[in-house]
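Given chain A, put chain B in place with the hints provided.
Chains as they are written, first to last, in the working numbering: chain A, 1 to 332; chain B, 1 to 333.
Check before you lean on any hint, since a few could be wrong.
Derived DEER-like restraints, expressed as beta-carbon distance ranges [to be verified]:
(1) B:Gly-165 <-> A:Ile-328: 37 to 43 angstroms
(2) A:Val-316 <-> B:Asp-133: 38 to 44 angstroms
(3) A:Arg-10 <-> B:Leu-269: 42 to 48 angstroms
(4) B:Arg-24 <-> A:Met-18: 54 to 60 angstroms
(5) A:His-77 <-> B:His-161: 29 to 35 angstroms
(6) B:His-161 <-> A:Met-157: 41 to 47 angstroms
(7) A:Ile-328 <-> B:Arg-24: 40 to 46 angstroms
(8) A:Ala-169 <-> B:Arg-93: 56 to 62 angstroms
To give an idea of the chain A side of the interface with chain B (calculated C-beta under 10 angstroms), a few residues [stated by the list, open to error]:
(9) Arg-2
(10) Asp-228
(11) Arg-237
Quick caveat, the hints were computed from the structure, so don't treat them as lab data.
In this text, a Cβ means the ideal position worked out from N, Cα and C, and glycines have one as well.
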Amino acid sequence: MRGFLLRLARRLVGALVMIWAVATFTFFLIRMIPGDPVAAQLNMLEQQGMSESQAAARVAGMYGFYPKDPLPIQYLHYMQQMAHLDLGQSISYTGVPVMHIILSALPYTLGLVVTGIILTFIVGVIGGVFAAIYRNTWVGSSITVVGSILHGIPQFMVALLLAYLLATAHPIFPFGAPYDAAISPGITWTFLSNLGLHAVLPIAAFIISGFGFWALAMKASVVTTLGDDFILAAELRGIKPSIRFRYIARNAFLPLFTYLAIAIGYTFGGAIFIEQIFDYPGLGLLQLNSIGVHDYPLMQAAFLMITVAVIVSNIVAEMLYTVIDPRIRTAR
Amino acid sequence: MATQAATRVEQNACSIRGLTVVYRVERHEYAAVQDVDLDIPSGEITAVIGESGSGKTTLAMAMLNAVQPPGRIAAGSVVYPTAGDILRLSGKRLRRLRGDSISMVFQTSQNSLNPLKRIGGQAMDLARSHGRDPRGTLREARDLCAKMSLDADRVLTSYQHELSGGMRQRVGIMLALVLQPEVVLLDEPTTALDVLSQSEVLQILRDLQRERRFSAVLITHDMGVVAELADRVAVMYAGRIVERGRTRDVLIRPDHPYTRALIRSIPRLSGDLSEAVPLPGLPPSLTTIPDHGCVFRARCAYRMPICDTVQPPLESVGPDHDSACYLEGFPSD
Numbered sequence: 001m002r003g004f005l006l007r008l009a010r011r012l013v014g015a016l017v018m019i020w021a022v023a024t025f026t027f028f029l030i031r032m033i034p035g036d037p038v039a040a041q042l043n044m045l046e047q048q049g050m051s052e053s054q055a056a057a058r059v060a061g062m063y064g065f066y067p068k069d070p071l072p073i074q075y076l077h078y079m080q081q082m083a084h085l086d087l088g089q090s091i092s093y094t095g096v097p098v099m100h101i102i103l104s105a106l107p108y109t110l111g112l113v114v115t116g117i118i119l120t121f122i123v124g125v126i127g128g129v130f131a132a133i134y135r136n137t138w139v140g141s142s143i144t145v146v147g148s149i150l151h152g153i154p155q156f157m158v159a160l161l162l163a164y165l166l167a168t169a170h171p172i173f174p175f176g177a178p179y180d181a182a183i184s185p186g187i188t189w190t191f192l193s194n195l196g197l198h199a200v201l202p203i204a205a206f207i208i209s210g211f212g213f214w215a216l217a218m219k220a221s222v223v224t225t226l227g228d229d230f231i232l233a234a235e236l237r238g239i240k241p242s243i244r245f246r247y248i249a250r251n252a253f254l255p256l257f258t259y260l261a262i263a264i265g266y267t268f269g270g271a272i273f274i275e276q277i278f279d280y281p282g283l284g285l286l287q288l289n290s291i292g293v294h295d296y297p298l299m300q301a302a303f304l305m306i307t308v309a310v311i312v313s314n315i316v317a318e319m320l321y322t323v324i325d326p327r328i329r330t331a332r
Numbered sequence: 001m002a003t004q005a006a007t008r009v010e011q012n013a014c015s016i017r018g019l020t021v022v023y024r025v026e027r028h029e030y031a032a033v034q035d036v037d038l039d040i041p042s043g044e045i046t047a048v049i050g051e052s053g054s055g056k057t058t059l060a061m062a063m064l065n066a067v068q069p070p071g072r073i074a075a076g077s078v079v080y081p082t083a084g085d086i087l088r089l090s091g092k093r094l095r096r097l098r099g100d101s102i103s104m105v106f107q108t109s110q111n112s113l114n115p116l117k118r119i120g121g122q123a124m125d126l127a128r129s130h131g132r133d134p135r136g137t138l139r140e141a142r143d144l145c146a147k148m149s150l151d152a153d154r155v156l157t158s159y160q161h162e163l164s165g166g167m168r169q170r171v172g173i174m175l176a177l178v179l180q181p182e183v184v185l186l187d188e189p190t191t192a193l194d195v196l197s198q199s200e201v202l203q204i205l206r207d208l209q210r211e212r213r214f215s216a217v218l219i220t221h222d223m224g225v226v227a228e229l230a231d232r233v234a235v236m237y238a239g240r241i242v243e244r245g246r247t248r249d250v251l252i253r254p255d256h257p258y259t260r261a262l263i264r265s266i267p268r269l270s271g272d273l274s275e276a277v278p279l280p281g282l283p284p285s286l287t288t289i290p291d292h293g294c295v296f297r298a299r300c301a302y303r304m305p306i307c308d309t310v311q312p313p314l315e316s317v318g319p320d321h322d323s324a325c326y327l328e329g330f331p332s333d
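Same shape as in the complex, but just chain A:
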């Protein structure tokens, strides 16, 4: 347990460093975009009739630094503000703190991505186990073929097809909002089921486009494990089929866990397109919209938040890995 906490602490320090690096990167990115959006904003406000100092104060509220200050001072102010979890104010939603907007979008993305990853993983792994056990029958080969084909179709195509077929051509599932406007949010069955119903299509898009990868990877892993010496040894020791199955499943499952960390990053990336296609108000949609309306503080914050989400999920995946693999647990 002490080792676990120690590793966790080390990971968290690493995460902070990484978040700092990304924040620095976004700061300089915004400063270096051609046409300097900060200066442009300042100009616009001055032209609207503000005095120079008024305009500078407004911009400072948005971005967290005074546009006329030297770059290092700007950076310092920006970082100070960030340390207080203040991400500035939105331009498109005039005066609304960016943090507020981000926090209202974050649960939707997290809901989609976390449910999507877990369900894709479960469906894919089960499919892979069947594909491996029945690899010499039509069941196994059809899982393999379907998996290969699905793996080859781009995620946004799957999402577009689903949106067209099941929301437009045959309006079976709702579209365009996280829940019906008539329903008030709360921990009620009506609300939660409605929320789930609205998430069906985006999550299905994750599952359909991710299934192939997990099924093929799990199949390969199970087939490898079946050939391992200790499985034959267990058979020759007369180990019960149910226990033998557990031996195979756990050992085959382990390498897949490594991919999980990678998949988390991809899934957050995929969320940008999927949220846009289904018009689902998560971080991804927020980011795309903020780019469209040149809302730089919001864009910067959405970018940072997605990075933080990926980093945190990776830590979770890695810490889980140390729990299930004793070889990692004892290794330093």
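Using the frame of chain A, we list chain B on its own:
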């Protein structure tokens, strides 16, 4: 006469008759074990010695009815007194026999353990698989560990990667003995170990066998191990048993030219290294074993015309000592 035969069967922990195992290579089947007859006497250690590819591991696998594809048991029977012919069993009855009344110590015991499960947990899985009391089995495991000078508390709560090679091999022996089987198949139990661990493991095996009197089949390529451990020995060459008998008799008065060559090829501690005479040539591979005539004739110094036509049968050359060779008495050498 009939009563005598009956007592003989009872004394055997296992009787192998006419066992032939074939492997399929490019649409032809080749015999890796050919027409083997062997009795495993109760409470003794019977060694099966042979070079790589002589079919000794295949023989051991056949004794558990566990020949892996592309291999196939083509003929014969492997009869255990209580269970009958194991080659006729399948499914649950076969599974319940493996590991329970007939167990195996693997050559690569290093790889015979589940890497994600503590040793004690694997012993309990074994007990549960055979309807034994897991706690009693754990006690027995603890006892065996102590006898093998392992720290039971540590080993049983360890994962395999926390143990050394020699310790893992001892854990393999523990798992093979923990359900107190009648027959233990030892497939090159010391081959993968360094010399010191080898002699330790041999000592352990000898002590445990003396104490528990299980019947053992010791598969090895090492004449030294045979001399140290085995009560009886069967010499295999190209899938056939060419000589068998009590270890003393076979070592002191070897009859078959192959056995003689094997013994002469061992370097002695005393005396010149050049006194060890290597056996020239290579054993045949699976696909080049001659299908008629003596399998050893290509390397035999005493080859006669008859050797080219018919495989010599195993015939008595002394009390409880058989050999498959036409040569009658050796020219003195």
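To see whether the hints hold, each was checked on the structure:
Distance hint for Gly-165 (chain B) and Ile-328 (chain A): a CB-CB separation of about 22 angstroms, inconsistent with the stated range 37 to 43 angstroms. Remark: the range hint 38 to 44 angstroms for Val-316 (chain A) to Asp-133 (chain B) is upheld by a beta-carbon distance near 40 angstroms. For Arg-10 (chain A) paired with Leu-269 (chain B), a C-beta distance near 56 angstroms fails the hint of 42 to 48 angstroms. The hinted range of 54 to 60 angstroms is satisfied by Arg-24 (chain B) and Met-18 (chain A), whose Cβ atoms lie roughly 56 angstroms apart.
Taken as a hint, the range 29 to 35 angstroms is violated for the pair His-77 (chain A) and His-161 (chain B), whose Cβ atoms sit roughly 52 angstroms apart. The hinted window of 41 to 47 angstroms between His-161 (chain B) and Met-157 (chain A) holds, with their beta carbons roughly 45 angstroms apart. Distance hint check: the CB atoms of Ile-328 (chain A) and Arg-24 (chain B) are about 41 angstroms apart, consistent with the given range 40 to 46 angstroms. Here the CB-CB span from Ala-169 (chain A) to Arg-93 (chain B) is close to 58 angstroms, well matched to the stated 56 to 62 angstroms.
Annotation: interface hint on Arg-2 (chain A) violated; nearest CB of chain B at approximately 18 angstroms, more than 10 angstroms. Of the supplied interface hints, the one on Asp-228 (chain A) holds, with its beta-carbon coming within about 7 angstroms of a beta-carbon of chain B, less than 10 angstroms. Hint status for Arg-237 (chain A) relative to chain B: holds, with the closest Cβ pair at about 4 angstroms, below 10 angstroms.
Going down the numbered hints, you'll see the structure goes against 1, 3, 5, 9, while the others check out.
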